[in-house]
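Work out the full structure, taking the sequences as your base and the hints as a guide.
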Amino acid sequence: LAEDQDTDLLFQVMDADGGGTVDFEEFIAVMCQEKNRKLDAKTLADTIWGLFDPKRTGRIYIEEMKKSLQRFRPRYDSDGAVQFMHDIDIDRRGYVTRGEFELYVNRIVFSVQ
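Counting in the working numbering, the sequence shown runs from 38 upward without gaps.
It is worth saying that the hints were derived from the structure and are not from the lab.
Ideal placement from N, C-alpha and C gives every residue a C-beta, glycine not left out.
Be a bit skeptical, because a hint or two may be false.
[Unchecked claim] Pairs of lysine-lysine residues, derived as DSSO-like cross-links and limited to a Cα-Cα distance of at most 27 Å, are as follows: (1) K92 with K103; (2) K104 with K92; (3) K92 with K79; (4) K103 with K79; (5) K79 with K104.
[Said to hold, decoys possible] Simulated restraints, written as ranges between beta carbons of each label pair: (6) G95 with T58: 24 to 30 Å; (7) G55 with L88: 20 to 26 Å; (8) D83 with G55: 27 to 33 Å; (9) L88 with S148: 33 to 39 Å; (10) D77 with R112: 19 to 25 Å; (11) G55 with Y98: 17 to 23 Å; (12) F147 with H123: 17 to 23 Å; (13) D128 with G56: 28 to 34 Å; (14) G87 with H123: 29 to 35 Å; (15) Y98 with L140: 17 to 23 Å; (16) G55 with Q107: 17 to 23 Å; (17) F147 with R112: 28 to 34 Å; (18) S115 with D54: 27 to 33 Å; (19) I127 with T84: 20 to 26 Å.
See the structure below:
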């Protein structure tokens with residue numbers, strides 16, 4: 038299927054270190070380097086947040102994170118989702134708030150620019 042081929046190609050481009058996974062830093066780096074549009078950190082965080090929080094609850098729990106990540110990459114490692122949540126959940130409440138997510142994206146955007 039063409040859509041699967043496009044997804045695989047995009048995955049290969051984003052997998053900068055060739056490790057077989059796309060970590061969030063690699064994803065953000067590709068998004069920041071998009072030549073056709075300049076995304077500031079807030080716009081980027083808002084866009085990605087909408088993918089993880091489609092019900093607009095203002096919080097993302099681990100199961101929602103896993104489902105969202107697996108929707109984009111069905112073979113996504115659930116351990117990676119747990120680590121991703123751990124990296125973002127500053128106060129360790131077991132969920133990520135929009136504010137925590139924005140801080141995380143800001144940190145990455147500034148590190149790749």
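Here is how each hint holds up against the structure:
With a CA separation close to 15 Å, the supplied pair K92 and K103 stays within the 27 Å bound. About 13 Å separates the Cα atoms of K104 and K92, which keeps this hinted pair within 27 Å; it holds. Proximity of K92 to K79 is assessed by CA-CA distance (about 20 Å); at most 27 Å being required, the pair is judged to hold. Between the alpha carbons of K103 and K79 the distance comes to roughly 23 Å, so the proposed pair stays at or under 27 Å and holds.
At most 27 Å may separate the alpha-carbon atoms for a hinted pair to count; K79 and K104 meet this at roughly 24 Å. For G95 and T58, the Cβ-Cβ distance of about 28 Å falls inside the hinted range of 24 to 30 Å, so the restraint holds. A C-beta distance of roughly 25 Å is found between G55 and L88, which places it inside the suggested range of 20 to 26 Å. For the pair D83 and G55, the supplied restraint of 27 to 33 Å holds, since their beta-carbon distance comes to about 30 Å.
Distance hint for L88 and S148: a CB-CB separation of about 21 Å, inconsistent with the stated range 33 to 39 Å. Between D77 and R112, the C-beta spacing of about 32 Å breaks the proposed range 19 to 25 Å. Hint check: G55 to Y98, Cβ distance near 31 Å, so the stated range 17 to 23 Å is violated. The supplied range of 17 to 23 Å is met by F147 and H123, whose beta-carbon atoms lie about 21 Å from each other.
Between D128 and G56 the beta carbons are some 30 Å apart, a value that agrees with the proposed interval 28 to 34 Å. Between G87 and H123 the beta carbon distance is about 22 Å. The supplied range of 29 to 35 Å is therefore violated. In this structure, Y98 and L140 meet the distance hint of 17 to 23 Å, their C-beta atoms being roughly 18 Å apart. The beta-carbon spacing between G55 and Q107, approximately 22 Å, falls within the hinted interval of 17 to 23 Å.
Hint check: F147 to R112, Cβ distance near 31 Å, so the stated range 28 to 34 Å holds. Restraint check, S115 to D54: a C-beta distance of roughly 20 Å breaks the suggested window 27 to 33 Å. At roughly 21 Å, the beta carbons of I127 and T84 sit within the given window of 20 to 26 Å.
Violated hints, in rising order: 9, 10, 11, 14, 18; the structure is consistent with all others.
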